[in-house]
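J.: Here is what each chain is made of, one letter per residue.
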Amino acid sequence: MPDSLLRVLTCGSVDDGKSSLIGRLLFECGTVPDDVMRTLVRDSRRFGTVKGRVDYALLVDGLAAEREQGITIDVAYRYFQTDRRRFILADTPGHEQYTRNMASGASNADIAILLVDARKGVLQQTRRHATVAAMFGISHFILAVNKMDLVGFDRAVYEEITEDFITFSENFGTVRTTSIPICARDGDNITARSAHMPWYMGPALLEALERAEPRDHGRSGPFRMHVQGVIRAGADFRGYTGTISSGSVRCGARITNVISRVSAQVERIVTMDGDLETGHAGDAVTLVLRPEIDISRGDVLSDSPLPQIGDRLAAQVMWFDDAPLIQGRDYLFMFRGRVVGGSVSDITHRLDIDTRGEIPARELRINEVGHVTISLAQPVVFEPYRLAPDLGSAIIIDRMTRNTVGAALIERADQASNLHAQHLDIDKHARAALKGQRPAVLWFTGLSGAGKSTVANLVEGRLHMLGRHTMMLDGDNVRQGLNRDLGFNEADRVENIRRIAEVAKLFVDAGLIVLVSFISPYRAERMLARERVQEGEFIEIHVDTPIEECRRRDPKGLYAKAYAGQIRNFTGVDAPYEEPEDPEIHLQTIGRAAEALAEQIIRELRVRGIID
Amino acid sequence: MLSDIQASADWVGAVQRRPGLAPHLRALEAESIHIMRDAAGQVRRPVLLYSIGKDSSVLLHLAQKAFYPAPIPFPLLHIDTTWKFREMIVFRNELVRRIGAELRVHTNPEGLRQNINPVEHDSATYNKIMKTDALKQALNQGQYDAAIGGARRDEERSRAKERVFSVRAPGQVWDPKRQRPELWNLYNGQLAPGETLRVFPLSNWTELDVWTYIQAERIPIVSLYFAAMRRTIERDGTLIVLDDERLKLRPGEQVQERMVRFRSLGCYPLCAAIPSEARTIDDIVSETRAARISERSGRLIDYDEDASMERKKQEGYF
Numbered sequence: 001m002p003d004s005l006l007r008v009l010t011c012g013s014v015d016d017g018k019s020s021l022i023g024r025l026l027f028e029c030g031t032v033p034d035d036v037m038r039t040l041v042r043d044s045r046r047f048g049t050v051k052g053r054v055d056y057a058l059l060v061d062g063l064a065a066e067r068e069q070g071i072t073i074d075v076a077y078r079y080f081q082t083d084r085r086r087f088i089l090a091d092t093p094g095h096e097q098y099t100r101n102m103a104s105g106a107s108n109a110d111i112a113i114l115l116v117d118a119r120k121g122v123l124q125q126t127r128r129h130a131t132v133a134a135m136f137g138i139s140h141f142i143l144a145v146n147k148m149d150l151v152g153f154d155r156a157v158y159e160e161i162t163e164d165f166i167t168f169s170e171n172f173g174t175v176r177t178t179s180i181p182i183c184a185r186d187g188d189n190i191t192a193r194s195a196h197m198p199w200y201m202g203p204a205l206l207e208a209l210e211r212a213e214p215r216d217h218g219r220s221g222p223f224r225m226h227v228q229g230v231i232r233a234g235a236d237f238r239g240y241t242g243t244i245s246s247g248s249v250r251c252g253a254r255i256t257n258v259i260s261r262v263s264a265q266v267e268r269i270v271t272m273d274g275d276l277e278t279g280h281a282g283d284a285v286t287l288v289l290r291p292e293i294d295i296s297r298g299d300v301l302s303d304s305p306l307p308q309i310g311d312r313l314a315a316q317v318m319w320f321d322d323a324p325l326i327q328g329r330d331y332l333f334m335f336r337g338r339v340v341g342g343s344v345s346d347i348t349h350r351l352d353i354d355t356r357g358e359i360p361a362r363e364l365r366i367n368e369v370g371h372v373t374i375s376l377a378q379p380v381v382f383e384p385y386r387l388a389p390d391l392g393s394a395i396i397i398d399r400m401t402r403n404t405v406g407a408a409l410i411e412r413a414d415q416a417s418n419l420h421a422q423h424l425d426i427d428k429h430a431r432a433a434l435k436g437q438r439p440a441v442l443w444f445t446g447l448s449g450a451g452k453s454t455v456a457n458l459v460e461g462r463l464h465m466l467g468r469h470t471m472m473l474d475g476d477n478v479r480q481g482l483n484r485d486l487g488f489n490e491a492d493r494v495e496n497i498r499r500i501a502e503v504a505k506l507f508v509d510a511g512l513i514v515l516v517s518f519i520s521p522y523r524a525e526r527m528l529a530r531e532r533v534q535e536g537e538f539i540e541i542h543v544d545t546p547i548e549e550c551r552r553r554d555p556k557g558l559y560a561k562a563y564a565g566q567i568r569n570f571t572g573v574d575a576p577y578e579e580p581e582d583p584e585i586h587l588q589t590i591g592r593a594a595e596a597l598a599e600q601i602i603r604e605l606r607v608r609g610i611i612d
Numbered sequence: 613m614l615s616d617i618q619a620s621a622d623w624v625g626a627v628q629r630r631p632g633l634a635p636h637l638r639a640l641e642a643e644s645i646h647i648m649r650d651a652a653g654q655v656r657r658p659v660l661l662y663s664i665g666k667d668s669s670v671l672l673h674l675a676q677k678a679f680y681p682a683p684i685p686f687p688l689l690h691i692d693t694t695w696k697f698r699e700m701i702v703f704r705n706e707l708v709r710r711i712g713a714e715l716r717v718h719t720n721p722e723g724l725r726q727n728i729n730p731v732e733h734d735s736a737t738y739n740k741i742m743k744t745d746a747l748k749q750a751l752n753q754g755q756y757d758a759a760i761g762g763a764r765r766d767e768e769r770s771r772a773k774e775r776v777f778s779v780r781a782p783g784q785v786w787d788p789k790r791q792r793p794e795l796w797n798l799y800n801g802q803l804a805p806g807e808t809l810r811v812f813p814l815s816n817w818t819e820l821d822v823w824t825y826i827q828a829e830r831i832p833i834v835s836l837y838f839a840a841m842r843r844t845i846e847r848d849g850t851l852i853v854l855d856d857e858r859l860k861l862r863p864g865e866q867v868q869e870r871m872v873r874f875r876s877l878g879c880y881p882l883c884a885a886i887p888s889e890a891r892t893i894d895d896i897v898s899e900t901r902a903a904r905i906s907e908r909s910g911r912l913i914d915y916d917e918d919a920s921m922e923r924k925k926q927e928g929y930f
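Just so you know, the protein sequences line up as chains A and B, in that order. Just so you know, the first sequence maps onto residues 1 to 612 in my numbering. Just so you know, the second sequence maps onto residues 613 to 930 in my numbering.
If you're looking for bench data, these hints aren't it; they were derived computationally from the structure. Think of the CB as a built atom: it goes at the ideal place given N, C-alpha and C, for glycine as much as any other residue. Honestly, I wouldn't trust all of these hints.
[To be verified] Here are the in silico distance ranges between beta carbons for each label pair: (1) A:154 <-> B:847: 56 to 62 Å; (2) B:805 <-> A:531: 43 to 49 Å; (3) A:251 <-> B:712: 25 to 31 Å; (4) A:154 <-> B:894: 47 to 53 Å; (5) B:783 <-> A:42: 31 to 37 Å; (6) B:781 <-> A:121: 42 to 48 Å.
Using the sequences and the accompanying hints, generate a full structural model.
T.: Structure follows, in structure tokens:
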């Protein structure tokens with residue numbers, strides 16, 4: 001009976017003989033039954049490339065389309081076992097366009113076999129494959145130097161290629177390389193040491209695979225588990241399902257729901273085969289906690305030290321889609337159990353996989369890799385990919401097609417995110433981020449008839465066109481509803497403005513850009529409104545039109561009534577207007593079109609970073 | 613009939629410890645449970661395709677484990693062609709009763725009306741109407757957005773490239789060139805309008821894994837998998853077990869009692885038995901280890917033409 005499972009990635013160029021190698025492995029491990037062998041012999045005559053002999057490559061070239069094209073177009077999984085080990089082999093395409101398929105295979109593999117043609121040596125393609133595999137965390141390579149028969153089983157050729165690759169692999173930090181000279185077609189050094197190469201003292205390929213240490217995948221870290229779901233059974237049972245990512249957990253241990261920072265004790269570790277005393281990395285379990293705390297799918301349960309939380313993450317991204325990754329475009333980011341909206345707010349640079357150089361870029365095309373900053377609509381629990389792959393990886397999904405368009409490997413929190421990394425609840429930043437904006441209050445103050453509402457309406461129209469979410473509060477309209485019970489005496493005026501300020505604040509909390517058009521003649525009143533929101537969120541706009549001009553315009557006929565004494569306490573007539581001393585925006589309206597004034601405000605909002 | 617089943621299937625009672633489960637089976641089991649839980653967490657209306665075969669038995673067992681102590685949170689769907697062995701149907705009903713699962717059975721009513729059957733019609737027509745079309749109908753009627761099935765990648769060459777979460781375009785069709793990359797254990801269950809999902813928790817299992825797991829976990833299976841003397845005829849080089857009078861003998865065909873069993877179960881005239889002495893699960897495991905004939909070779913439907921499984925999948929076959 002095998003005592004472990006090893007996931008193996010195989011990569012190589014189209015002509016390196018990869019399919020032959022895999023077919024040979026399957027054949028040698030007794031995985032090929034008689035009837036398949038008969039089909040193989042028949043197919044070898046029809047499609048085979050090895051004249052007059054069995055073409056083992058045909059065992060693994062599955063889809064009709066690719067058999068016709070003679071290339072492997074998609075990642076395929078093969079299974080075989082020896083007495084010591086059960087193997088899952090991800091056979092990935094050598095073709096350059098299909099780097100993404102290689103990434104799929106590499107993400108789960110323990111070890112990678114890199115196939116090299118002895119006549120050609122280490123190619124750009126080989127370096128590219130090794131770079132992608134290393135990027136996804138593979139640290140053990142088997143360099144299979146194939147077609148040794150075609151170089152006369154020459155030791156010097158093998159050693160030069162080995163040396164070449166080992167020098168290159170030093171770029172990846174600590175990696176192990178086992179280099180094996182083989183002839184896949186004839187089975188040299190595949191299951192047993194070949195008589196053709198007595199100078200080679202290392203293991204045969206299968207032996208190397210049996211001995212290889214499985215990748216740690218971060219499993220030796222502290223206890224961490226992504227919650228997959230909540231199970232209820234009967235009135236009393238409530239359990240949280242998940243597969244333990246790393247570490248182990250014992251009954252009685254204290255664990256924390258990282259995102260809410262609430263802790264509880266593990267009361268039971270439930271499986272259908274009976275409760276466990278301890279659950280280990282890789283186990284699919286159900287935890288019962290005491291006391292019951294609020295936990296939902298996608299939450300991370302952890303022992304200390306707790307992983308990090310953040311909504312701006314520096315990451316490496318590999319792009320898979322024909323349509324390029326565009327900076328600022330909205331995508332879905334799928335973490336384990338949680339899908340979060342967000343965008344790549346900044347592409348720091350693109351990585352040239354061949355030269356390992358950094359190139360400035362505004363977009364990433366298919367199969368390209370870049371260093372980016374990801375901005376998420378809500379904070380997520382994470383760790384750097386190299387420490388904890390389960391906590392450091394996400395896939396990127398197109399909002400329209402719902403296809404997987406990219407993979408993200410998290411490196412660290414982006415520096416800028418430290419400022420509000422502690423805001424764990426859904427707050428105004430989270431709500432605003434979902435809308436891709438910063439919330440703010442645009443407070444238009446000025447005399448009656450100064451043009452506040454006209455300009456505010458134009459500004460709101462412009463913001464709407466820019467895809468911003470807004471809300472308009474007009475002094476007159478609010479008085480007809482919310483403040484219908486208020487008159488114009490001193491106390492009612494204060495209450496009127498207090499209510500407007502509070503409503504504006506609620507809308508800011510909702511993540512909106514709020515436009516308030518309101519005479520608000522007293523500095524103290526405006527100060528009250530300003531203090532309701534955070535610094536930088538209150539934009540006071542003085543719509544500065546001289547009283548003579550307002551009186552001339554008199555759109556509602558109010559000045560006429562005020563001067564006739566029919567209205568009392570009219571601002572600018574028999575009540576004061578306290579001009580703003582230092583407004584964020586000062587609009588002098590005389591001689592300027594309302595559109596130009598609106599444009600000035602939009603410009604100012606850009607300068608202030610309210611919109612981009 | 614029922615007593616046969618009880619004799620052959622060792623029903624798993626409540627809790628059983630299994631110190632002996634091999635590490636690679638433990639890893640495969642955990643992976644399948646993870647996949648099943650993820651499917652349940654991501655999609656709105658999943659359904660488990662239950663075919664009564666050994667893979668379905670393992671799948672069902674894993675579904676019980678994934679949600680224990682709660683019941684399986686989705687219904688089981690059986691596409692009944694009306695040509696299943698009678699033993700299979702009895703087994704199905706008994707099993708579902710015992711585990712308290714919700715079972716839905718669907719037969720293509722149009723196919724029934726036209727009396728489409730595997731005796732008079734060619735296997736391609738029969739399979740399209742009674743299996744592929746029936747499955748599409750049942751999925752549409754139940755408005756299921758994900759069907760969880762027991763297919764394995766090692767069964768057939770075209771399955772080797774199948775994803776764990778496999779998206780079907782509107783109309784339930786499979787486009788091998790438009791498959792999503794699948795990284796880590798992050799399965800993309802997001803669907804565009806009209807798309808549905810097939811989920812294959814047993815993707816990484818082999819036939820031998822299935823049998824050794826059934827052995828270790830003592831999972832009940834239909835007794836047709838165990839060797840017994842059965843009434844058979846030899847036709848086109850294969851052994852066909854007679855289950856009822858609907859299969860008419862051709863001139864010269866002789867009914868003969870033979871010691872046979874099935875490696876793979878489907879509709880009875882399309883599914884060939886193999887000569888075998890394997891009467892117990894231990895025998896089956898030993899026989900599978902030594903097997904020199906591939907598993908689906910007993911399935912006559914795959915012989916239609918080269919790469920026929922791939923073509924059937926593109927049409928919507930499971």
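J.: All the hints need checking, so say for each whether the structure fits it.
T.: Going down the list of hints, with the structure as the test:
{"no.": "1", "hint": "A:154 <-> B:847: 56 to 62 Å", "in the structure": "holds (57 Å)"}
{"no.": "2", "hint": "B:805 <-> A:531: 43 to 49 Å", "in the structure": "holds (48 Å)"}
{"no.": "3", "hint": "A:251 <-> B:712: 25 to 31 Å", "in the structure": "holds (29 Å)"}
{"no.": "4", "hint": "A:154 <-> B:894: 47 to 53 Å", "in the structure": "holds (51 Å)"}
{"no.": "5", "hint": "B:783 <-> A:42: 31 to 37 Å", "in the structure": "holds (34 Å)"}
{"no.": "6", "hint": "B:781 <-> A:121: 42 to 48 Å", "in the structure": "holds (43 Å)"}
Violated hints are absent here; each numbered hint is respected by the structure.
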